[in-house]
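Peer 1: Sequence:
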Amino acid sequence: MSEENTEVQPLFELNDAEVVRAGRTILHVDKFLLARGENIALLGPNGAGKSTFVKLITREVMPLYREQPPVKFNGNPRATLVDVRKTLGIVSSTMQAQINVHLPAVDIVEGGLFGTLGLPRHVHPDERTHAKALDAMEMLGVAKLADQDIMTMSSGQPRRVLFARALVHDPNTLLLDEPCTGLDPEGMYYVRSSMCDLARAGKGIVLITHYMDEAVKADRVVVMDGGRIAIDGTPKEVFKNVEKMKGLGLDVPQATELAYRLRKKGFKLPDNILDENECAEAILKILEVKK
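So the sequence shown is residues 1 to 291, counted in my numbering.
Among these hints, one or two may not hold up.
[Stated by the list, open to error] Pair by pair, the computed Cβ-Cβ distance ranges are:
#1 Asp149 / Thr181: 17 to 25 Å
#2 Pro270 / Leu81: 41 to 49 Å
#3 Gly23 / His124: 48 to 56 Å
#4 Pro45 / Asp147: 38 to 46 Å
#5 Glu186 / Asp30: 40 to 48 Å
#6 Ala131 / Gly202: 20 to 28 Å
#7 Asn172 / Thr94: 19 to 27 Å
#8 Glu127 / Glu281: 50 to 58 Å
It should be emphasised that the hints constitute simulated quantities derived from the structure, not laboratory data. By construction, the Cβ of each residue, glycine as well, lies at the ideal position given by its N, Cα and C atoms.
Use the sequences and the hints to build the structure in full.
Peer 2: What follows is the structure, encoded as structure tokens:
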């Protein structure tokens, strides 16, 4: 008997995937694998190809034809948009602009069970779907706004409602495009704490962000530039490349920046410091040696 193949299929796989627009290559990925339950942060300057990369995952754009399929979702080279959205919970930067009707927030969240922004006309929610929507809204701190017209909310509240919509069908992986941009401190707290809770529960997260304090909490950081993957590794592996990150117009965590500046002045600090505690401990060790 042959041994059973126990290799885990990646959720998403790219091989020589190229997207061309108006005769110009705007994205080319040689190889990329996204494991189930993996928590990654996607960084890059404006125009780096992050949005196109995400649309490749969600099947909103298609790559050039190859004899060997360049894109596989759950091992399937012909996965449809419907297949993808059953697995992913998506909060895109364009969703909020698409809300142009007066609906209670809870209807927007329940629509996530059907892949719509709001309930389809033929659907009448029952107690079970309504309870699911309220539970998701509670997690984001907006349950009290369930009956409020989403068009009358402050700018940050609809974003949290859309996050709840992405959670309502209990997806395996969340794809979050700048979820904290434009949020007030309360909104940031709820979104970030929800991301941490979901990651601890084993949910996969693909996070596009400009906030380095969010990126350092990921298992993996992918940096894009010019439509290609420039750096790919753990947060410590990526952010130790301070000069390369700065050359791409990107920041690094504040503690990483401080340690970098101190090393430039001759202090022997590790090059993979990410947070304030690591930085403080490294500085204290230097001071103890000098006593």
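Peer 1: CB of Asp149 to CB of Thr181, is that within 17 to 25 Å?
Peer 2: holds, 23 Å
Peer 1: How does the Cβ-Cβ distance of Pro270 and Leu81 compare with 41 to 49 Å: does it lie in that range?
Peer 2: holds, 45 Å
Peer 1: Mind checking the hinted window 19 to 27 Å against the Cβ distance between Asn172 and Thr94?
Peer 2: Check passed, 23 Å falls within 19 to 27 Å.
Peer 1: Does 38 to 46 Å hold as the CB distance between Pro45 and Asp147, or does it fail?
Peer 2: holds, 41 Å
Peer 1: Would you say the C-beta atoms of Glu186 and Asp30 sit inside 40 to 48 Å of each other?
Peer 2: holds, 42 Å
Peer 1: Okay, Glu127 versus Glu281 on CB: inside 50 to 58 Å?
Peer 2: Given about 53 Å between the Cβ atoms, the range holds.
Peer 1: For the hint 20 to 28 Å, verify it against the beta carbon of Ala131 and that of Gly202.
Peer 2: At 23 Å between Cβs, range holds.
Peer 1: Taking 48 to 56 Å as the stated bounds, is the beta-carbon spacing between Gly23 and His124 within them?
Peer 2: holds, 49 Å
Of the numbered hints stated above, none is contradicted by the structure.
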